[in-house]
Amino acid sequence: MTGKQRLESVVKYVLMFSALMSILIVVMIGIFTFREAIPAFREIGIIKLLTGTVWRPGQGQYGILAMIAGSGLVTLGAVVIGVPLALGCAIFLSEIAPPAVKSIVRPSIELLAGIPSVVYGLFGMVVIVPLVRNIDVPGNTGFGLLSASIVLAVMILPTISSVSEYAIRSVPKRFREGSFAMGATKWETMTKVILPGARSGIMSAIILGLGRALGETIAMIMVIGNSVIIPFASTDNPLSIFLSRARTLTGNIAVEINYATGLHESALFATGVILFILIMLMNSSARMLIGRKKWEKK
Amino acid sequence: MHINVITKYAPVAVLGLLIALGACGTDSEETASVEDHPLSGELNVAGSTTVQPLAEVLAEAFEALEPGVIIIVQGGGSSVGVRSAVDGTADIGMASREIKLSELQENPELKIHTVARDGIAIVVEPGVTVDNLSKEQIRGIFTGEITNWNEAGGENLVITVVAREEGSGTRAAFEDMIMDDALIADNAILQPSNGAVRTTISVTPGAIGFLSFGYLDDQTKPLAVDGFLPTEEFAASGSYTIVRPLNMVTNGEPEGIAAVFLEFIMSEDGQAIVATEGYLPVR
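So the sequence lines, in the order shown, correspond to chains A and B. Residues 1 to 298 in this note's numbering are what the first sequence spells out, letter by letter. Residues 299 to 581 in this note's numbering are what the second sequence spells out, letter by letter.
Please keep in mind that the hints were generated in silico from the structure rather than gathered at the bench. Beta carbons: idealized from backbone N, C-alpha and C, even for Gly.
DEER-style ranges, computed between Cβ atoms:
{"no.": "1", "chain 1": "B", "residue 1": "Glu530", "chain 2": "A", "residue 2": "Pro138", "range": "33 to 41 angstroms"}
{"no.": "2", "chain 1": "A", "residue 1": "Pro107", "chain 2": "B", "residue 2": "Ser338", "range": "53 to 61 angstroms"}
{"no.": "3", "chain 1": "B", "residue 1": "Leu455", "chain 2": "A", "residue 2": "Leu76", "range": "30 to 38 angstroms"}
{"no.": "4", "chain 1": "A", "residue 1": "Thr33", "chain 2": "B", "residue 2": "Ser535", "range": "46 to 54 angstroms"}
{"no.": "5", "chain 1": "A", "residue 1": "Thr2", "chain 2": "B", "residue 2": "Glu358", "range": "54 to 62 angstroms"}
{"no.": "6", "chain 1": "B", "residue 1": "Thr387", "chain 2": "A", "residue 2": "Met28", "range": "24 to 32 angstroms"}
{"no.": "7", "chain 1": "B", "residue 1": "Glu530", "chain 2": "A", "residue 2": "Ser18", "range": "54 to 62 angstroms"}
{"no.": "8", "chain 1": "A", "residue 1": "Pro116", "chain 2": "B", "residue 2": "Gly425", "range": "27 to 35 angstroms"}
{"no.": "9", "chain 1": "A", "residue 1": "Val137", "chain 2": "B", "residue 2": "Ser535", "range": "39 to 47 angstroms"}
{"no.": "10", "chain 1": "B", "residue 1": "Lys398", "chain 2": "A", "residue 2": "Lys48", "range": "23 to 31 angstroms"}
In isolation and in its complexed conformation, chain B is listed as follows:
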């Protein structure tokens, strides 16, 4: 009986062994890469919901290269990203804005890695005849001082301001770069996502708002700011200035998997992914 089992399954076992050996021979490249980077373990990434989709794609590509690594990407917002990197809840925090001075003062160990950049476009409903605004004019419109397009070189049409909700990284970046310390008017229409802002602007005559570059399409008309249209070329050359960094932060110099992952993001392959996802590469 016992012998029977062995003789019965021996050929199968030998066959299996042969297949395994054969696999080693033909797929030597993959085997080599695992040997080069014997990485395994879990990496927690958390923070900005703007960086999150990009981080997820990057993580997927990285996991394909390093099969032993599992990357968990969570949202929560930029402030959560910074905080969870500091308190160790996450290995890497994500922030879709500059790291605040107060955050750096509280945590001098914080290391900022700018992995991509994202332009913010000022868009209007396509019926608006204005094509260019200065930063001062944009500020005047969003604070509610300028209420009609005829005060900004357009036709007699009431301006409707559309903005993101308080806490949004896109809003924070817009406030940083345009508003200084002025507040966005209380009666602005607030929508909770880039997509909702875009739809609202497209159906509201005279509406103006701001959108991440990735959301530009023919539903809205992008305005030139100080003479430069929001294009990737102008943003890359520095002519278009409403550009925010997408940051990853670590508490101290990154180590282990975090270091390799950040290295991968900054590599040519990583930055190619950044570009295909619609963001501006940093190198």
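Chain A extracted, bound-state conformation:
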């Protein structure tokens, strides 16, 4: 074996080792979290844990339905606010913006991804929360789902926007040219040809954003109020549910783990398992969507 070949094989094994390590770490975290959660599943029961509405560890009541609802609603809110914004950015960057503008906008969006989440939380606490407080609904303090959704929408914007932009750009050029050749306007080409062509990529971008939203912790703790209640609408307008305070699954763990012992600690790990499963489902569906490209199938 020559020196070059030996180097090749060393590099190969080093790389393989890195790949195996990352799998090993994921598996270890999964096993550890699940093992710690077993006492909770056994003593409280999965059904009771998932459907219980009262969380008072001091009184031995462990129901995480309120947190599931909180995580679900805040993620929904973030998607409703964030997806149109992110898609707008993506379309603007890939189709409309001249290079000079692009060179300013794209790094700015990428910068959003680099801001630590505690800074988002602080910004939300002192800027967004007081703004939301101006909505005149009884009991509205500004802390709650709406503020959290707005903060989260900005946080998932870079993920969704950059993956969607990539999807839009990877729509074959001939589609676009064909559309123009048939006399379609730019707008028609965009809405009828390019966006449908990039649909699976955009869907996976949104799902990646959802995963990010579900996992966000510290910024949520700072603006959502952390009350263990199932969010409710305080007026006739069902949208006022977004002014309700809530707690997320991640927030539940982060807020209480410092003091938790015994069954309480195990119940927090069980919260983690639920979260783990939810995010795994999200990511695998995103993977399925990425793997499927419309124009390749036909």
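Chain B: place on chain A using the hints.
For chain B alone, coordinates are given in the frame of chain A:
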């Protein structure tokens, strides 16, 4: 060759010996203290995250006096503190609340050493015009019965309750001293630290919450309780009553390093550290 090495290094060795002897002569005080307390070994302290920073400072000061001792201070919460003292995981447990009757019944050997005290202040957002509340009013506000400041002598402004999360020692002490068996309202905003509670109150009109004395500043307005403002003087004199003990617990009478460390904490020097860290000394 061999001789060469000796002659080469002999002067260095002699010099070193002289320096060592000289050090003994001038630093006789330090040498004496090591002789007085030939302590060496490890001391494990665990429990309340409220007592932890104080214990860390005390440990550092103690380690400077007793160079042979290593003190390891860990968090975990008050309940963990009591439990680890009982099961021997820690030599000393820390608890930022009274030791529960149930804990004493289960472990009659438990010895409680109150090393400092900490006041809990009731604070409001500075825009609130109320200056004084009775304990009953505070309880009414935190249970959610009183929802507007105009029911407590203030202006027409909705009250927002801010509290600590379940499991917090500060919350447990507040519940002990104010709430009796009543529960803090479900819709209270919960924040996981004193600092977060303070910021939340300061940005929320009409907000009320509770803070450890160490966290009082001009971001929030402290309220008088039954006529007495939360100051160290009133807390020390017993007029301000929302004061909790910061306890260290041992399983049986403390022995060895634990005994000397606790003695140090209760000494004048130890209590001076307690005061500079912002807690109330116990002597």
